[in-house]
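Visitor: Input sequences plus hints: build the corresponding full structure.
The sequence shown begins at 1 in this note's numbering and counts up one residue at a time.
For the record, the hints were derived by calculation from the structure and aren't laboratory data. All clues stand as given, with none of them false.
Quick list of in silico lysine-lysine cross-link-like pairs, BS3-like style, CA-CA up to 30 Å: (1) Lys203 to Lys158; (2) Lys215 to Lys57; (3) Lys151 to Lys92; (4) Lys57 to Lys151; (5) Lys215 to Lys5.
These numbers were taken from a predicted model, which means no experiment stands behind them.
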Amino acid sequence: MSKKKILFFITTSYPYGKGESFIETEINYLSKTFDEIYIISNGLLNLHPVLFPENVKVEKFPYSLTKNEIFKSLNLLFTCTLWQEIFYLLFKYHKFPKWLTVKTIIFSLLYGNKLAKHINNYIKNNSFEQEDIFAYSYWFNDNSIGVSLLKKYYPKAKVFARVHSYDLYFYRSLLNYIPFKNFLFKKLDFVYFISDDAYNYSKNILKINEKNLAKSGVSRLGILQTKKQFLSEGEKTCL
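Guide: Written out as structure tokens, the structure reads:
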């Protein structure tokens, strides 16, 4: 009996917001490639319902942390992932770790861990442990951290993300810094840029090494083609 291909698709608003309009095109395509798709959305608005293919389900997942969730995750403050990021901040990007920056790093890691746990619980509760698991973050943000941390539970899972603009370029952030970019390029199986400029920025400004950049390619919004595929030969997935 062949394994099912299960995709967890993480968005910031779709289908509960007006942004991310290109996702509708992707969903229609991906629904023909994967057996089941679970959209996990940070969007909290209640807009008009969106019609999905039968194998697509949606749930809301707030982009926030409760005090209890923070307390239960304090052990993450002692992990090498956190301290390595502070090391990069100091010695790779030559930025002093101000409190607001450190606070942002901590929140990003704790939220990512929360999302990874949520997906893991969903997999276990639905007995998907033996299926082929894929996780895709539409943005190169904290949701991507959660997607990459899913590897802790399922090392064979295929995890990937799309890179846009505000989620990559430091100058688009009030902190002039966005945490865990080196971590993401290392941990994700593949990164999809929407432009050549984003690739060049990652190489020349973020100084991502060639080995990790080799796991990336340009796939512009609205174009369902890319150089890299995730499924076996004859089972193509285009983003």
